[in-house]
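Protein chains: 2
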Amino acid sequence: MSNNYNYAFLFYDIGEKRVHKVFKICKKYFKHHQKSVFRGNITPANLIKLKNELKKVIDEDKDFVTIIKLLNRYTFEEETLGKDIKQSESLIF
Amino acid sequence: MSNNYNYAFLFYDIGEKRVHKVFKICKKYFKHHQKSVFRGNITPANLIKLKNELKKVIDEDKDFVTIIKLLNRYTFEEETLGKDIKQSESLIF
Numbered sequence: 000m001s002n003n004y005n006y007a008f009l010f011y012d013i014g015e016k017r018v019h020k021v022f023k024i025c026k027k028y029f030k031h032h033q034k035s036v037f038r039g040n041i042t043p044a045n046l047i048k049l050k051n052e053l054k055k056v057i058d059e060d061k062d063f064v065t066i067i068k069l070l071n072r073y074t075f076e077e078e079t080l081g082k083d084i085k086q087s088e089s090l091i092f
Numbered sequence: 000m001s002n003n004y005n006y007a008f009l010f011y012d013i014g015e016k017r018v019h020k021v022f023k024i025c026k027k028y029f030k031h032h033q034k035s036v037f038r039g040n041i042t043p044a045n046l047i048k049l050k051n052e053l054k055k056v057i058d059e060d061k062d063f064v065t066i067i068k069l070l071n072r073y074t075f076e077e078e079t080l081g082k083d084i085k086q087s088e089s090l091i092f
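Chains as they are written, first to last, in numbering that gives the first Met the number 0: chain H, 0 to 92; chain U, 0 to 92.
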């Protein structure tokens, strides 16, 4: 049985010409982001869609997108030093 | 029983004046990084040391550092689109 990953972190380094497009694609699938790090619940089906959209936009020789897949929100613990990101996130959305 | 987290991702948004110091601290504890994302095995004891060092440097009103703690390397799966980061990492170190 293969694992069903339902939570993901995504971060990238994308050339300036393409970064806005990549940002827009990622924002469709993830609620939370800060700088070039996105994260949130995502179904395996949506993860495939997301990857297909990204593949059409990125330059495979220059850019990268790393996706860290986790079973669910409870397989990790989060800690933040400094200002409360949750608060600034809610100002953005 | 509390969980023993032994793997972590760390990402930050730090003011220009302090970012180099923060980068240097994180590099002491983590082998791999790309842009402002670090990750790797880290003992609970080292995680505490890292946080204490960071707290001395960051401006709590302006900066943030998020640490995602995982039990081990096998609780997540990783996928990369685009260029091979592992390769570019080995060029840096």
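Simulated from the structure, these hints should not be mistaken for lab results.
Since the model is a prediction, treat every value here as computed from it, not as a measurement.
Possibly wrong hints are sitting among the right ones.
[As the list claims (entries may be wrong)] From the derived model, a few chain H residues whose C-beta atoms are all more than 10 Å from chain U: (1) F8; (2) K16; (3) K20; (4) K23; (5) K26; (6) Y28; (7) S35; (8) G39; (9) N45; (10) K48; (11) K50; (12) K61; (13) F63; (14) T65; (15) T74; (16) G81.
[What the hints assert, rightly or not] Which chain U residues face chain H? A few, computed with CB under 7 Å, are given here: (17) E15; (18) E52; (19) L80.
[To be verified] Below, simulated PhoX-like cross-link-like pairs (lysine-lysine); rule was C-alpha separation at most 20 Å, straight line: (20) U:K61 - H:K34; (21) H:K34 - U:K16; (22) H:K82 - U:K20; (23) H:K20 - U:K61; (24) U:K55 - H:K16; (25) H:K82 - U:K82; (26) U:K48 - H:K34; (27) U:K16 - H:K55; (28) U:K16 - H:K68; (29) U:K50 - U:K82; (30) H:K55 - U:K68; (31) U:K30 - H:K82; (32) H:K82 - U:K50; (33) H:K54 - U:K82; (34) U:K20 - H:K16; (35) H:K61 - U:K34; (36) H:K30 - H:K16.
Yeah, the Cβ is synthetic: ideal placement off N, Cα and C, and Gly gets one too.
Structure-based check of all given hints:
Residue-level check failed: F8 (chain H) sits 7 Å from the nearest beta carbon of chain U, not beyond 10 Å. The beta carbon of K16 (chain H) sits about 14 Å from the closest Cβ of chain U, which is more than 10 Å, so the claim that it is off the interface holds. Residue placement check: K20 (chain H) keeps its beta carbon more than 10 Å from all beta carbons of chain U (closest about 14 Å). Every beta carbon of chain U lies more than 10 Å from that of K23 (chain H), the smallest distance being close to 16 Å; the non-interface claim holds.
At roughly 17 Å from the closest C-beta of chain U, the C-beta of K26 (chain H) stays outside 10 Å, upholding its exclusion from the interface. With a cut of 10 Å on Cβ distances, Y28 (chain H) stays outside the contact zone with chain U, its closest approach being about 14 Å. Listed as a non-interface residue, S35 (chain H) fails to keep its Cβ farther than 10 Å from every Cβ of chain U; the least gap is roughly 7 Å. Interface exclusion of G39 (chain H) from chain U stands, the closest Cβ pair being 13 Å apart, more than 10 Å.
Taking the minimum C-beta to C-beta distance to chain U, about 14 Å, the non-interface status of N45 (chain H) holds against the 10 Å cut. Once the 10 Å rule is applied to beta carbons, K48 (chain H) is consistent with being away from chain U; the minimum gap is 13 Å. Listed as outside the interface, K50 (chain H) is inconsistent with that label: its C-beta sits roughly 7 Å from the nearest C-beta of chain U, within the 10 Å cut-off. The claim that K61 (chain H) is not at the interface with chain U is violated, since a C-beta of that chain comes within 10 Å of its own (minimum 7 Å).
Separation of F63 (chain H) from chain U is inadequate, the least Cβ-Cβ distance of about 4 Å not exceeding the 10 Å criterion. Distance to chain U contradicts T65 (chain H) as a non-interface residue, since its nearest Cβ pair spans about 5 Å, not more than 10 Å. Once the 10 Å rule is applied to beta carbons, T74 (chain H) is inconsistent with being away from chain U; the minimum gap is 5 Å. Residue-level check failed: G81 (chain H) sits 4 Å from the nearest beta carbon of chain U, not beyond 10 Å.
The interface hint given for E15 (chain U) is broken, as the beta carbon of that residue sits about 14 Å from the closest beta carbon of chain H, more than 7 Å. Interface restraint check: E52 (chain U) against chain H, minimum CB-CB distance 11 Å, threshold 7 Å, status violated. Given hint, L80 (chain U) at the interface with chain H, holds; its Cβ is 4 Å from that chain's nearest Cβ, closer than 7 Å. In summary, the hint linking K61 (chain U) to K34 (chain H) is supported, as the alpha carbons are separated by about 14 Å, within the 20 Å threshold.
With a C-alpha separation of about 18 Å, the suggested pair K34 (chain H) and K16 (chain U) falls inside the 20 Å cut-off, and the hint holds. The hinted pair formed by K82 (chain H) and K20 (chain U) meets the criterion: a straight-line CA distance of about 18 Å does not exceed 20 Å. The suggested pairing of K20 (chain H) with K61 (chain U) is violated, with an alpha-carbon distance near 28 Å, which exceeds 20 Å. Restraint check: the Cα-Cα separation between K55 (chain U) and K16 (chain H) comes to about 37 Å, which exceeds 20 Å; the hinted pair is violated.
Of the supplied pair hints, the one linking K82 (chain H) and K82 (chain U) is violated, its CA atoms being roughly 33 Å apart against a limit of 20 Å. Using a Cα cut-off of 20 Å, the hinted pair K48 (chain U) and K34 (chain H) is violated, with the two alpha carbons roughly 26 Å apart. Simply put, K16 (chain U) and K55 (chain H) have alpha-carbon atoms about 37 Å apart, too far for the 20 Å limit, and the pair is violated. Of the pairs offered as hints, the one joining K16 (chain U) and K68 (chain H) is violated, with about 33 Å between alpha carbons and a cut-off of 20 Å exceeded.
With a C-alpha separation of about 32 Å, the suggested pairing of K50 (chain U) with K82 (chain U) is violated against the 20 Å cut-off. Restraint check: the Cα-Cα separation between K55 (chain H) and K68 (chain U) comes to about 32 Å, which exceeds 20 Å; the hinted pair is violated. Under the criterion of a C-alpha separation no larger than 20 Å, the hint pairing K30 (chain U) with K82 (chain H) is inconsistent with the structure, at around 26 Å. Using a Cα cut-off of 20 Å, the hinted pair K82 (chain H) and K50 (chain U) holds, with the two alpha carbons roughly 15 Å apart.
This hinted pair checks out: K54 (chain H) and K82 (chain U) have alpha carbons roughly 12 Å apart, not beyond 20 Å. With a C-alpha separation of about 30 Å, the suggested pairing of K20 (chain U) with K16 (chain H) is violated against the 20 Å cut-off. For a cut-off of 20 Å, the pair hint linking K61 (chain H) to K34 (chain U) stands: about 14 Å separates their Cα positions. About 24 Å separates the Cα atoms of K30 (chain H) and K16 (chain H), which puts this hinted pair outside 20 Å; it is violated.
In this structure, the hints that do not hold are numbers 1, 7, 11, 12, 13, 14, 15, 16, 17, 18, 23, 24, 25, 26, 27, 28, 29, 30, 31, 34 and 36, in rising order.
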